[in-house]
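Student: Assemble the whole structure, with the sequences as input and the hints as a guide.
Protein chains: 2
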Amino acid sequence: MTDAHTITVPASGVEAFRVNAGQTFRITDPEGGQVGDLFAYAAGDLTEWLSASHTRAVVSRLFPKPGEQFFTTRRRPVLTLRHDGSPGRHDMLIAACDAARYADLGRPGHPSCAENLLTGLARCGIYSHTVPQPVNVFMDVQPGADGDLTWTPAATGPGDFVVFEAAIDCVVVLSACPQDIAPVNRGGPTPLVVTSRDTAIRRNAPVFDRAC
Amino acid sequence: MTDAHTITVPASGVEAFRVNAGQTFRITDPEGGQVGDLFAYAAGDLTEWLSASHTRAVVSRLFPKPGEQFFTTRRRPVLTLRHDGSPGRHDMLIAACDAARYADLGRPGHPSCAENLLTGLARCGIYSHTVPQPVNVFMDVQPGADGDLTWTPAATGPGDFVVFEAAIDCVVVLSACPQDIAPVNRGGPTPLVVTSRDTAIRRNAPVFDRAC
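So the protein sequences, as listed, match chains H and X.
Just add 257 to wherever you are in the first sequence, counting from 1, and you've got my numbering.
Just add 257 to wherever you are in the second sequence, counting from 1, and you've got my numbering.
Keep in mind the hints are simulated off the structure, nothing from the lab.
If chains are identical, the list can't say which one is meant, so a pair holds when it fits in one copy or spans any two.
Straight-line distance between alpha carbons at most 25 Å, and here's what the computed SDA-like set of lysine to any residue pairs gives:
1) Lys322 - Pro400
2) Lys322 - Asp361
3) Lys322 - Gly290
4) Lys322 - Ala357
5) Lys322 - Leu362
6) Lys322 - Pro344
Given the structure is predicted, the values throughout are model-derived calculations rather than measurements.
Tutor: Right, dumping it as structure tokens:
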């Protein structure tokens, strides 16, 4: 299902879209148990992106609470976490899966969120060699008191969702994490759905398109 | 004091140096209470750097324990934490201080670890527009069970130190954090000292120098 207000990110795949300041978008996990790696770039300056380490520095939390914001490499708000209709487990500690990860797992060439990011950016006319640390929605990685991290498969049930609002015009890339070896997704990779009630979603909108 | 085996990083300043695989270096906080922002790049490919998010993914900890390693954006070991002669509080959650941070604090143009990094790299012939998340030695930021972060001024006493061993040939940049507004350093910015017993330290070694 893909219309002007809905984008389906296929299992293990990626979609990129433009959102303008004030626009909200919902990410739904229709089947449950699926992690999404979310990246966001300032539309006017693609060396400015959503940064996990800057976000932690500003909000003084491992992950923003609903109502709090994510910040860029220039410490500007880029997204607000407006509503959380999920068990509330999201990760901002772990790098995107990538070629090196799957080679280590004995599966060289396996699809990855890093590859997906660069694919999504390329569709918008952005050619990058940098993979920022993503916001891993629905991914459950919890630190213990000793600093050890415990990884648990995504706890989302069918239809769970999270809503973001753009604080600035930005390009968002969402990868439906293709991890099917380590226990990140529950029950194998499945799709994610992005919806926007208020404004049409400009899928693959070229970053150089002044009409955006 | 700067000889072939010692580099003093001046208060609020930076030094960059080459270390080869197997070489160890010690970072000492001579006066105590001083944070160092540490960056490391693979000597052969400067798009490969020590990555906090990849390190957490590999070691499944918020920060490596002594004997554990830091990993690059390509998931290769780059440094090993050989010995910790400090209270053992180090941070790998928080971005380097930067121009935006000091502007927010009402001090535009204040020296920053981000500026220091690019200065250090430039001395080695590397011109970059990306500031990776650093390893903040001696910086005390602890997450609580609810995900809130508690910031405490560096707990190091005079002479406390930490020892790293290079796993690959790399360029290391160490910024003596100039933060004198927020309570990160205790008692104002002071120097840090880098020493290497086994091999001379090649300060500002050009990355294009094949003799390294």
